[in-house]
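Chemist: Okay, here's what each chain looks like letter by letter:
2 protein chains.
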Amino acid sequence: MAAAAPPPPPTPAPSAPTGLPDSDSTPVGHPLFSRIRLATPLDVPHIQKLIHQMAILEKLTHLFTATESDLASNLFKSTPFHSFTIFLLEVSSRPFEKDSNLHSQNFTPIERIINLDHSLIDPEAETFRNGINGDAVAAGFVLFFPNYSTFLGKPGFYVEDLFVRECYRRKGLGKMLLSAVVSQAVKMGYGRVEWVVLDWNVNAIKFYEEMGANVLPEWRICRITGPALEAYRDAI
Amino acid sequence: MAAAAPPPPPTPAPSAPTGLPDSDSTPVGHPLFSRIRLATPLDVPHIQKLIHQMAILEKLTHLFTATESDLASNLFKSTPFHSFTIFLLEVSSRPFEKDSNLHSQNFTPIERIINLDHSLIDPEAETFRNGINGDAVAAGFVLFFPNYSTFLGKPGFYVEDLFVRECYRRKGLGKMLLSAVVSQAVKMGYGRVEWVVLDWNVNAIKFYEEMGANVLPEWRICRITGPALEAYRDAI
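Protein chains in written order, with full-length UniProt numbering: chain Y, 1 to 236; chain R, 1 to 236.
A few of these clues could be false.
Note that identical chains are pooled: a pair holds if it fits in a single copy or bridges any two copies.
Within a straight-line C-alpha distance of at most 20 Å, the following computed EDC-like cross-link-like pairs (lysine to aspartate or glutamate) qualify [said to hold, decoys possible]:
| no. | residue 1 | residue 2 |
| --- | --- | --- |
| 1 | 49 | 124 |
| 2 | 187 | 230 |
| 3 | 49 | 126 |
| 4 | 49 | 111 |
| 5 | 59 | 218 |
| 6 | 206 | 194 |
| 7 | 98 | 166 |
| 8 | 187 | 234 |
| 9 | 187 | 70 |
| 10 | 206 | 218 |
| 11 | 206 | 135 |
| 12 | 49 | 135 |
| 13 | 187 | 111 |
| 14 | 98 | 234 |
| 15 | 49 | 70 |
Treat the hints as calculated values from the structure; they're not laboratory data.
Since the structure is predicted, the reported quantities are computational estimates derived from the model, not experimental observations.
Construct all of the structure, not just a fragment, from the sequences and the given hints.
Modeler: What follows is the structure, given as structure tokens:
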């Protein structure tokens with residue numbers, strides 16, 4: 001569906017230092033190490049489960065049919081950012097190990113430390129564990145792809161999905177994911193970032209407006225799908 | 001902007017025969033030969049003017065900044081249908097000459113004959129004349145690109161712009177352009193075609209619904225652009 005997962009309500013950006021701590025600045029309390037990186041085909045099982053959780057949240061599971069095989073066959077087919085692209089959000093109670101495989105020419109992973117007041121229990125940690133970095137788990141994702149404005153004569157990004165698992169919400173991670181996309185758009189000289197929100201989701205709308213977005217009141221989505229789409233098979 | 005040009009109000013699909021007439025079925029009256037083909041870089045001057053006319057129609061010329069150079073630098077960079085793609089609509093009072101250059105592996109031009117009751121005067125014929133097929137003029141276009149539904153696990157098409165010049169409206173040409181995109185989506189196994197419409201444009205909404213589209217009432221577009229976008233330059 002669209003970027004429909006209610007994001008955390010507006011909260012101040014985490015004041016944690018950026019990057020990994022050096023030996024003199026080990027965070028106190030309960031640090032949550034977070035990382036945004038480009039997803040790979042190996043992440044498809046986690047991504048499929050995250051999308052399913054989003055469908056549950058949106059009460060739209062009747063529209064959810066995507067299998068791991070569907071996703072694997074359509075994603076990761078082109079250079080990141082030039083077609084469907086996924087940033088995966090991972091969190092860990094320990095610093096991430098350096099993984100040179102993740103530093104592609106296209107994108108350097110973004111790391112942040114969030115200092116929590118309390119330790120956090122993830123009831124689904126086993127399901128979403130990263131097989132390589134043992135302590136890290138997938139906590140959310142954002143899927144986006146280029147769109148095009150003929151008025152600007154420039155591409156932009158359209159954010160199809162933004163999702164953070166329940167136990168990691170309200171910690172600035174949704175903002176971190178969306179900021180990563182907007183920042184990438186600026187970096188590429190793109191003109192816009194767009195997504196959609198449900199009109200009754202006032203928390204989400206407030207959150208997005210505080211991030212600098214305008215909500216356009218007059219436009220409505222038109223969609224042809226299912227049998228209505230199929231009816232065009234021999235139309236031309 | 002979006003697919004905002006008010007399309008012709010609902011009219012029956014033209015009952016003209018498909019394809020070019022053979023010698024025994026030369027249309028009577030005032031035939032308008034129409035053709036949809038993939039646009040090429042040579043079409044950029046016409047496309048830029050068509051977009052400008054759309055901006056005027058939408059009273060959004062203050063948002064229109066795209067130059068021919070902007071368009072040329074961003075379009076036609078990948079295989080048709082896998083990124084930003086333009087179908088150009090051309091019309092002529094004479095049959096189109098066969099042009100093997102237009103028959104790419106990706107798309108065979110679509111031709112239709114529309115029988116008009118009266119001859120048609122195009123006050124901008126000189127501006128939009130095709131330099132190769134002397135009598136043909138550019139009459140409209142549709143710009144679309146792939147989007148992705150995580151629920152379906154399939155790509156679809158998003159229609160950014162659909163435009164037909166004023167003197168060619170209400171003849172089924174807008175429907176022909178949109179049908180060409182939907183038909184292409186079916187052919188590629190895609191799951192949806194989407195676009196947006198202004199909520200007060202009741203003629204357009206009725207037209208789209210008659211073409212099989214659902215108008216989704218609850219979703220609103222969020223957009224970050226301009227200085228708000230630029231503010232993310234050093235955000236990450």
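Chemist: Hints first: check each against the structure and report whether it holds.
Modeler: These are the hints, each one checked on the structure:
no. : hint       : result
1   : 49 to 124  : within (11 Å within a copy, 55 Å between copies)
2   : 187 to 230 : between (39 Å within a copy, 9 Å between copies)
3   : 49 to 126  : within (13 Å within a copy, 57 Å between copies)
4   : 49 to 111  : neither (23 Å within a copy, 46 Å between copies)
5   : 59 to 218  : between (25 Å within a copy, 14 Å between copies)
6   : 206 to 194 : within (16 Å within a copy, 26 Å between copies)
7   : 98 to 166  : neither (27 Å within a copy, 60 Å between copies)
8   : 187 to 234 : between (43 Å within a copy, 9 Å between copies)
9   : 187 to 70  : between (31 Å within a copy, 17 Å between copies)
10  : 206 to 218 : both (18 Å within a copy, 16 Å between copies)
11  : 206 to 135 : neither (34 Å within a copy, 54 Å between copies)
12  : 49 to 135  : within (19 Å within a copy, 56 Å between copies)
13  : 187 to 111 : within (18 Å within a copy, 42 Å between copies)
14  : 98 to 234  : neither (53 Å within a copy, 23 Å between copies)
15  : 49 to 70   : within (13 Å within a copy, 40 Å between copies)
Hint compliance for this structure: hints 4, 7, 11 and 14 are broken, all remaining hints hold.
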